[in-house]
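Participant: Following the hints, complete the assembly by docking chain Z onto the known chain H.
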Amino acid sequence: MNKLLFWLFSLAALWLGTFSSSGGAENLIIYERQIKLIEEVKPAIVGIRASKDSVNYHGTGALITPAGQILTSTSVVPPAAQDIKIRLTSGQTLEATVVLTDDTTESVILQANPVVDKQVRILEFPYLELGNSDQVSVGQTAYTFGDAMGSINADNQISVSAGLISGIYSLTRTGTYQLEPLSGRYNEVVIETTAAVNGGIDGGPLIAADKKIIGLVCFNYSRARWLGVAIPINKIKSRLNEKIKLPTEQPDQINDAALGFSYLIKDKAPAIVGIKVEFLEKPGPSISPVNPPLPGRRIDSPLPSVEGEYKEYLTRPDGYLSGVLISHDGYILTSYQNVKGKIKNITVSFQADNQKQNFPAEITGWDEELDIALLKVDQLPQETKPLTFPDEIQLKTGHWAIVIGYNPDQLLIQPTVTAGIISATERLNGQTFQLDAKINYGNFGAPVFNVNGDWLGLVGQRGDIAHLGLNSGIGLALTAPQIKKILPDLKKGQKLKRQPTPFLGIQADLGAVDIEGILIGAVIPNTAASRAGLQNGDVIVEFNKVKITIWRSLVNAIKETKIGATVSLKIKRHDKIKEVTVLIGAKEW
Amino acid sequence: MVKPLITLIKEWITLIIGRTRKYFVIGWLALILISGNVANAAENDLLEAKESQAQISGVIEQVLPAYVFIGGGSGVIISEDGYVLTNYHVVGSSKKWHIYDVNGNIYTARRLGYDSYGDVALLKIESTEKLPYLEIGDSDSLKTGQPVIAIGNPFGQGTSDLIPTVNFGIISALHRFHGPYSDAIQTDAPINPGNSGGPLVTLDGKLIGLNGSIDFRFEFIKVNTGIGYAIPVNQIKKFLPYLKSGGQVDHGYIEGLIIPFPGYYQASAGAKVTTVKSGSQAAGLKIRAGDEIIKIDEYDLTTANRFHSILGTYPAGAEVQFTIRRQDKIFKIKTTLEARPAPVSLVRGGSDTPFLGAAFIETEKSQGQGVEIAEVMPGSPAAESDLRTGDIMTGFDNKKIQSVARLLDLIKTKKPGNTVMIKIKRGLAEFEVPVTLGSKL
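Taken in order, these protein sequences are the chains called H and Z.
Number 69 in my numbering belongs to position 69 of the first sequence; there are no gaps in the numbering.
In my numbering, each residue's number is its place in the second sequence (first place is 1) plus 1000.
Bound conformation, chain H alone (with noise of 0.2 Å):
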C-alpha cells in the first residue's frame, strides 16, 4: 500500500511540475519576466547631459561595453557639444567625451570617464549587447528606456514603455516630416514601436525581449503613422571602428520574454490591402479643430512652426494606406476618410508570394458617418486570402485587439501591426467598440482581430481627430456584424437608410448640484449648437421657456422639437443669463 501511495504521488508530483508553467493568480509568469527584464537592463542606461551655444539638450544613451562606452544620438550630443554629462541609476554623475560621431545614422559613441568625484573609479560597466535588427520581425514586444521629459536627469528615475515593433519601412518612402536638422537627418529604414517615444527618450534604446539592442530611437516620425521610431542597429554597427570594443557576444537568448502578436501576420497578411489615391482636387485638413494649436513656442525646441505642424498632423498624407479584401469578387473596405475628395483614380496594391501588385480601383459605396468606404478591383491576384464575415462577434471590455494595417512602405512587405485591448465593447449605439491600440492615418482602414485571429471589425476616423488624436489610445472600430449588415446598401451604393432624430450638439458634464441646469462640457462642431454661438461652461437653464434641471429633461424636450425648428434658449455664461436662438438641427443613426 505504501508502495502504490509513494507511486501515486511522484507520478501527481512530475505531473503539476511539467503543466505548471504559469504564475499565481497576481502575476502571471510573462509579467514577472517583464519585471525583471526591466530590472536587468536599466543599469545599463543613463541619462545625458551637453550644452552648445547656451543651449541644453538633455536625452538617453545605453552603456554598450564594460569599458564605459554608451551608444546615444546626435540629438543628444550635437557635434561640437560640450560639458557631457553622464547620470547613471546609481546617482552618481560621470564625466564623457566624444568617441565617434556618425551623422549618417545620427548616432554617437560617448566613452564614459570611470573616476566619479576625483574619488571612485568604477572598474566595470553593465551594459547591453547589440542585436540583429534584420531579424526582428513585426509584432514582437519592445521596449523604450530613458530620459522622458527629464526623468533620469531630475528624478533619477528611468522611464519604460512597452510596446510592440509596429512596423518596418522607410521614411522618405513613407513621407517624412522635414525637421531642421541639428546635424544630418536619417531617412531610410527605421524600426516603429508603439512603446512611448518622447523628448528626452531619443538617444535611448530600443530593446527587444532578448534584451538586445535592434535601434537607436530617434525623432524622426513617418507622416502616415506619427509613432516613434528608431534607426536599425545593424546599421550603426556597420559604422563603428576599432575605437569602439564590443564584447563578444553571448549566444542567443530566448526570445520569449514578453507578449507577441507576430504569429497572426502569416495567415492575414494576405487580405491587407494598400489604398493609393490620385486626387483632382485633394480636401485640406479633414476636421475643423476643437482645440486650437497651442501658443507659444518653445526657445530651445528645434521645431519649426507649431502652426505647420498641426496642419500636417490633420491632414490625410499621401500614399498608400489601409484596406482590406473581403470577398474573391474583389470588394474592399476601407475608410472613408482615405478616399474622399475629388478623385482621379484610386489604386490597390496587393501583397502576395512576396511580391506586391496594384490593380485599379472604383468606389461602389461609403458612409461617411460610419467612415466606411466599399471599393471594387476587376482583377486580382491568382492567390487571395480575403478576410470572412463572422457570423456573431464576441467582445470582452480588457481582450487584446490587434490590427494589422497596410506598410506605408511600398518596397516592403511586413504589414504593420499594433495592439491593445477592447477598452469598451460598445459605442455609437453598438455599431461600434473602442480600443486602445495606437491608431493613425497609417491604419484607418485596416481590420481588428482577437488572439485567434476571429476579425472583429474595421478601425475608422470617427469622431473629431482633433479631440481624440492620432495614437491616442482612443480608437474605434466598426463591428463586422454591423459592416455586413450595411454590406448590400454599400453595394447598390445608396445612401444607407438612416433615421434622423433632432440633435442639439453639445457634451454635458454632468452632477454638480449646486448648478442649476445643464453645464456645457464640450460643443460638437458644426452642430446647431455651434452655429448658434453655445460655448463650454455655458449653462443651459431654459429650453422653449421650459426650466430644465437635469439631462433628462433637455434630452426629452430636444427630442420633442421638430428639425429644423427654431428654439429659444436661456442660458448662464459668466454669471449673467443670455437668450440664445438655435436652429435644431439632426443626427442620423
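Since the hints were derived computationally from the structure, they do not count as laboratory data.
Note that the coordinates shown come from a computational prediction; the quantities given were computed from them, not determined experimentally.
Check each hint, because a few of them may be wrong.
To be verified - List time: in silico DSSO-like cross-link candidates among lysine-lysine, alpha-carbon distance up to 27 Å:
1. Lys-1423/Z / Lys-52/H
2. Lys-570/H / Lys-1095/Z
3. Lys-85/H / Lys-245/H
4. Lys-1244/Z / Lys-85/H
5. Lys-1425/Z / Lys-1222/Z
6. Lys-1415/Z / Lys-1400/Z
7. Lys-311/H / Lys-1423/Z
8. Lys-1096/Z / Lys-570/H
9. Lys-547/H / Lys-572/H
10. Lys-1096/Z / Lys-578/H
11. Lys-1414/Z / Lys-576/H
12. Lys-572/H / Lys-1399/Z
13. Lys-1295/Z / Lys-1332/Z
14. Lys-52/H / Lys-85/H
15. Lys-576/H / Lys-1095/Z
16. Lys-385/H / Lys-484/H
17. Lys-1143/Z / Lys-1238/Z
18. Lys-1050/Z / Lys-1143/Z
19. Lys-1329/Z / Lys-118/H
20. Lys-344/H / Lys-276/H
21. Lys-385/H / Lys-1050/Z
22. Lys-1425/Z / Lys-85/H
23. Lys-282/H / Lys-376/H
24. Lys-266/H / Lys-385/H
25. Lys-52/H / Lys-1399/Z
26. Lys-1238/Z / Lys-1272/Z
27. Lys-572/H / Lys-545/H
28. Lys-545/H / Lys-578/H
29. Lys-1143/Z / Lys-36/H
30. Lys-1425/Z / Lys-52/H
31. Lys-576/H / Lys-1096/Z
32. Lys-282/H / Lys-311/H
33. Lys-1206/Z / Lys-36/H
34. Lys-276/H / Lys-266/H
35. Lys-1143/Z / Lys-42/H
36. Lys-1143/Z / Lys-211/H
37. Lys-547/H / Lys-1414/Z
38. Lys-572/H / Lys-1096/Z
39. Lys-1244/Z / Lys-1096/Z
40. Lys-385/H / Lys-268/H
Facilitator: Below, chain Z without anything else, positioned relative to chain H:
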C-alpha cells in the same frame, strides 16, 4: 547525466510496479514530459495572450462597479459606506454632486475635504446600502514594468451610455516629481483628459493611484503619447483622515527650514540644509545649516529633489520623523508639520483689473528663479495659453520675477486685453508664451 537518471527511474518503477508494467509507465511519463514542452513559439504566444487577457478582463469585471462618473471626469468608491476619491479639479468648488455608476445608479454625494494643491478631493455618498468599492493597495511596493489598468471617461465618450473607457499599460516609473504630484506614478496606459479622478489599478484589483495628468510629445495637441501621471495611494492614505474631516487640507512642511531645490543640471549631493530661519519651527527643533536629511520616516533619500518630493506627500498636521546626519553623527527628530503657505490668487477686482486666472506660490522649487503656478482656473487666459500647475514663471513682460509680490505689481501695470510674453520653466524645458490678459466680467 540523462542516461543514469533514466536507469534510476527504470529501477525505481520496476521496484514499485513490477517488470511487465514498467514500459507502459515509462511511456506515459515520457509523453507527459514531452507534451509539456512541445509548444512552439507561436502557440506559446497565443497561450500567453489568452492567459493575460483572461486575467485582465477578469480584473476589469471585478473593479468596474466601484467606478463612478463625476461631472466631466471620474471617481472611485473606496469603502462600502461610500467614500469616493477624485481629483480636486473635477469637483472644484461644487459641494454637492449627483454621481453615476456603470449600472445606472445615481448617488448623491457631498464633497468633504479637499487638497486643492495636490489635486485630491474626498466625497461621501449618502446611501443606506453597502456599496462596491476598491481596496487601497500599497503604491510603495509597485515595480516598473508591472501591468496596470486605468478606468475613466476620456473625451466624455462614456457619459451618455455610462460605459467607461478602460486602458491597459505598465508602470513606467515611480517617484516622479511632476509639479504638485510630487511623488507621481508614471504609466504608459493611455490616459487622456476625462480620465481625471479615475482609478489606476493593479491586476490584483487594488487601487494604487488616482489619475492624473499627462505630458505629451506634440505641443499642439493635448492627447496621450505614452506619459501619464497618477497620485500614489500611499500619499492619499496620509491625507485621508484629514480629508474626512472636511475643508481644505494643506500640505505640510517644516517652517523656517531651507533646503534649496537644485536646478536640473546640478547633481544634488544630499538634502543639505542651507538656512534655518531664527525663531522658526526648524530652529526650535535644533536643526542647523549644514545638516543633511537622509531619511523621512522610512523613506531613504540622497538628493534634495527627493526630500521635497517625499515631503510633498504629507499633510499639515502629520507627525513625521526626520533622520539627520551632522558630520559623523546621525540622529532623529520627530515633529508635527506646519501648513505650507497658501497660494496667492490674483484678486479679481473690477472690469479694469487685468485677469490672468492663476494662483502663485513661492516654493523651494521656484526659489531664485521665479514663482510656481499652484492653480490654473479652467477657461481663464492662463488656461488658454496652456500654463500648468507646477510651472515656474520666471519672466513676465520681459522682466524677471523673483517673488509673488513683484509679479502682482507687474500685472497691475497692465490693462485687460494686453498681451504679454510670459517666460516659463517646465521640467527641463524653457519657453515663452504670449498670454492675453482678460478682465473679471
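Participant: Against this structure, judge whether each hint is valid.
Facilitator: Against the structure, the hints:
1. A hinted pair counts as satisfied when its Cα atoms are at most 27 Å apart, and Lys-1423/Z with Lys-52/H qualifies at roughly 21 Å.
2. Under the criterion of a C-alpha separation no larger than 27 Å, the hint pairing Lys-570/H with Lys-1095/Z is consistent with the structure, at around 24 Å.
3. A distance of roughly 21 Å separates the Cα atoms of Lys-85/H and Lys-245/H; the hinted pair therefore holds under the 27 Å criterion.
4. Of the pairs offered as hints, the one joining Lys-1244/Z and Lys-85/H is violated, with about 47 Å between alpha carbons and a cut-off of 27 Å exceeded.
5. Using a Cα cut-off of 27 Å, the hinted pair Lys-1425/Z and Lys-1222/Z holds, with the two alpha carbons roughly 19 Å apart.
6. As the CA atoms of Lys-1415/Z and Lys-1400/Z are separated by approximately 19 Å, the hinted pair is consistent with the 27 Å bound.
7. The hinted pair formed by Lys-311/H and Lys-1423/Z meets the criterion: a straight-line CA distance of about 26 Å does not exceed 27 Å.
8. Of the supplied pair hints, the one linking Lys-1096/Z and Lys-570/H holds, its CA atoms being roughly 23 Å apart against a limit of 27 Å.
9. Between the alpha carbons of Lys-547/H and Lys-572/H the distance comes to roughly 13 Å, so the proposed pair stays at or under 27 Å and holds.
10. As the CA atoms of Lys-1096/Z and Lys-578/H are separated by approximately 25 Å, the hinted pair is consistent with the 27 Å bound.
11. With a C-alpha separation of about 26 Å, the suggested pair Lys-1414/Z and Lys-576/H falls inside the 27 Å cut-off, and the hint holds.
12. Using a Cα cut-off of 27 Å, the hinted pair Lys-572/H and Lys-1399/Z is violated, with the two alpha carbons roughly 38 Å apart.
13. As the CA atoms of Lys-1295/Z and Lys-1332/Z are separated by approximately 9 Å, the hinted pair is consistent with the 27 Å bound.
14. For the given pair, Lys-52/H sits about 13 Å from Lys-85/H by alpha-carbon distance, which is consistent with the 27 Å threshold.
15. Of the supplied pair hints, the one linking Lys-576/H and Lys-1095/Z holds, its CA atoms being roughly 22 Å apart against a limit of 27 Å.
16. Simply put, Lys-385/H and Lys-484/H have alpha-carbon atoms about 18 Å apart, close enough for the 27 Å limit, and the pair holds.
17. Restraint check for Lys-1143/Z and Lys-1238/Z: the C-alpha separation of about 21 Å stays at or below 27 Å, so the hint holds.
18. With a C-alpha separation of about 23 Å, the suggested pair Lys-1050/Z and Lys-1143/Z falls inside the 27 Å cut-off, and the hint holds.
19. With a C-alpha separation of about 25 Å, the suggested pair Lys-1329/Z and Lys-118/H falls inside the 27 Å cut-off, and the hint holds.
20. Distance restraint check for Lys-344/H and Lys-276/H: the Cα-Cα separation of roughly 11 Å lies within the 27 Å cut-off, and the hinted pair is therefore satisfied.
21. With a CA separation close to 25 Å, the supplied pair Lys-385/H and Lys-1050/Z stays within the 27 Å bound.
22. Proximity of Lys-1425/Z to Lys-85/H is assessed by CA-CA distance (about 21 Å); at most 27 Å being required, the pair is judged to hold.
23. Taking the CA atoms of Lys-282/H and Lys-376/H, the gap is near 21 Å; set against the 27 Å cutoff, the hint holds.
24. The hinted pair formed by Lys-266/H and Lys-385/H meets the criterion: a straight-line CA distance of about 11 Å does not exceed 27 Å.
25. Between Lys-52/H and Lys-1399/Z, the direct Cα distance comes to roughly 25 Å. Compliance with the 27 Å bound is thereby established for this hinted pair.
26. Restraint check: the Cα-Cα separation between Lys-1238/Z and Lys-1272/Z comes to about 25 Å, which is no more than 27 Å; the hinted pair holds.
27. A hinted pair counts as satisfied when its Cα atoms are at most 27 Å apart, and Lys-572/H with Lys-545/H qualifies at roughly 14 Å.
28. Restraint check for Lys-545/H and Lys-578/H: satisfied, since their Cα atoms lie roughly 13 Å apart, inside the 27 Å limit.
29. The straight-line distance between the Cα atoms of Lys-1143/Z and Lys-36/H is roughly 10 Å, inside the 27 Å bound, and the hint therefore holds.
30. Taken as a hint, the Lys-1425/Z and Lys-52/H pair is honoured in the structure, with Cα atoms around 19 Å apart against an allowance of 27 Å.
31. Proximity of Lys-576/H to Lys-1096/Z is assessed by CA-CA distance (about 22 Å); at most 27 Å being required, the pair is judged to hold.
32. Among the hinted pairs, Lys-282/H with Lys-311/H is consistent with the structure: their alpha-carbon atoms are about 14 Å apart, no more than 27 Å.
33. Taken as a hint, the Lys-1206/Z and Lys-36/H pair is honoured in the structure, with Cα atoms around 22 Å apart against an allowance of 27 Å.
34. Taken as a hint, the Lys-276/H and Lys-266/H pair is honoured in the structure, with Cα atoms around 23 Å apart against an allowance of 27 Å.
35. In summary, the hint linking Lys-1143/Z to Lys-42/H is supported, as the alpha carbons are separated by about 12 Å, within the 27 Å threshold.
36. Between the alpha carbons of Lys-1143/Z and Lys-211/H the distance comes to roughly 18 Å, so the proposed pair stays at or under 27 Å and holds.
37. For the suggested pair Lys-547/H and Lys-1414/Z, the alpha carbons sit about 42 Å apart, so the restraint of at most 27 Å is broken.
38. This hinted pair checks out: Lys-572/H and Lys-1096/Z have alpha carbons roughly 19 Å apart, not beyond 27 Å.
39. For the proposed pair Lys-1244/Z and Lys-1096/Z, the alpha carbon gap of about 15 Å is at most 27 Å, so the pair holds.
40. As the CA atoms of Lys-385/H and Lys-268/H are separated by approximately 8 Å, the hinted pair is consistent with the 27 Å bound.
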